[in-house]
Every structure is written in structure tokens, then in C-alpha cells.
Amino acid sequence: MIRGVRGATTVSANTEEEILSAAQELLMKLIEVNHIHPDSVASVFISTTEDINAVFPAKVLRNFEGWTYVPVMCMREIPVPNSLPKCIRVMMHVNTNKPQNEIHHVYLKGAKVLRPDLGKVPESDDVTENKREG
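Anchor point for the sequence shown: position 37 equals 37 in UniProt numbering, and the numbering is continuous, going up by one each time.
Treat the hints as calculated values from the structure; they're not laboratory data.
For clarity, every value in this text was computed on a predicted model and none was experimentally measured.
Quick reminder that beta carbons are idealized off the backbone N, C-alpha and C, glycines included.
Careful, some of the hints might be misleading.
[As the list claims (entries may be wrong)] In silico DSS-like pairs for lysine-lysine, Cα to Cα no more than 30 Å straight-line:
#: 1; residue 1: Lys109; residue 2: Lys29
#: 2; residue 1: Lys112; residue 2: Lys29
#: 3; residue 1: Lys59; residue 2: Lys109
#: 4; residue 1: Lys98; residue 2: Lys112
#: 5; residue 1: Lys29; residue 2: Lys98
#: 6; residue 1: Lys109; residue 2: Lys98
#: 7; residue 1: Lys59; residue 2: Lys98
#: 8; residue 1: Lys59; residue 2: Lys29
#: 9; residue 1: Lys112; residue 2: Lys59
[To be verified] DEER-style ranges, computed between Cβ atoms:
#: 10; residue 1: His37; residue 2: Gln100; range: 34 to 44 Å
#: 11; residue 1: Asn97; residue 2: Glu50; range: 35 to 45 Å
#: 12; residue 1: Thr15; residue 2: Gln100; range: 15 to 25 Å
Let the sequences and hints guide you as you build the complete structure.
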């Protein structure tokens, strides 16, 4: 079955370096805590708020080993008044047998306010321990 794996982060400036760095951190964390392999990914949607346009955040995913053929699309978020500015959001569609409650959604930096109920991810030690057990 396909599960959606969500994540979001913010940047402090609309620069290529800042956007790619934030996107890399977010994507790496999503992949790490959910033990995602590129062959299990159906697609990845990455959206940005209107104030981010210096570079496509998906560009960074092309540098990850094995992710060359994963379909990725960048898009613009709806400009809702008073919404979180300078925000990058990710929706990764992953083939997995995990139930919904075992998917770890990742919210970093200013995006932690978006879903404080879902943003708790395992610490690196917990991830390492889970890999040994699983």
C-alpha cells in the first residue's frame, strides 16, 4: 500500500544555498527516520510558499544516491493570509506495509508549529536501534 510521508521546514532567506540546505536536511531526515529506499517511492511532491523562488528544492534530491528515477515535482502553496512564510513542504508517497501510526512525519525549524502533534521523530539513537531490531 502507499502511505504519505509528510514534512516541512522553513528558511530564513530566499537564497539557493539556504533553500537547498533546508531541503536536504528535511529530506534526509524523512528518509532516515522512516527507513525509505528510493525503489519504494512512487513520487515526491515538494511545495514552497510564494516567497521562495530562488531554486527548485527538488534539485537536492537528485544528488541522493539511487534517487535518479524517482518522480519529483515542485509546486507553489496556496497563499493563505497569515500562513507560515518561507516554508518548504514535502509529501513523499511510499510503498510500505507500515500502518499510518508508524510513519514518522518530520517538521523542522519554524515549521514545527504546523503539526506539533505529528512532529515528534525518533532521536538518531532510536533510529539506529530500530534498524537493528527491524
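To see whether the hints hold, each was checked on the structure:
1. Lys109 / Lys29: Judged against 30 Å, a Cα distance of about 13 Å means the pair holds.
2. Lys112 / Lys29: Roughly 14 Å separates the two Cα atoms, so the pair holds.
3. Lys59 / Lys109: holds, 21 Å
4. Lys98 / Lys112: holds, 24 Å
5. Lys29 / Lys98: Answer holds: Lys29 to Lys98 is near 18 Å, not above 30 Å.
6. Lys109 / Lys98: holds, 27 Å
7. Lys59 / Lys98: holds, 28 Å
8. Lys59 / Lys29: holds, 17 Å
9. Lys112 / Lys59: Within the cut-off at roughly 23 Å; holds.
10. His37 / Gln100: 34 to 44 Å: violated, 19 Å
11. Asn97 / Glu50: 35 to 45 Å: holds, 38 Å
12. Thr15 / Gln100: 15 to 25 Å: violated, 36 Å
Of the numbered hints given earlier, the model fails hints 10, 12; all others are met.
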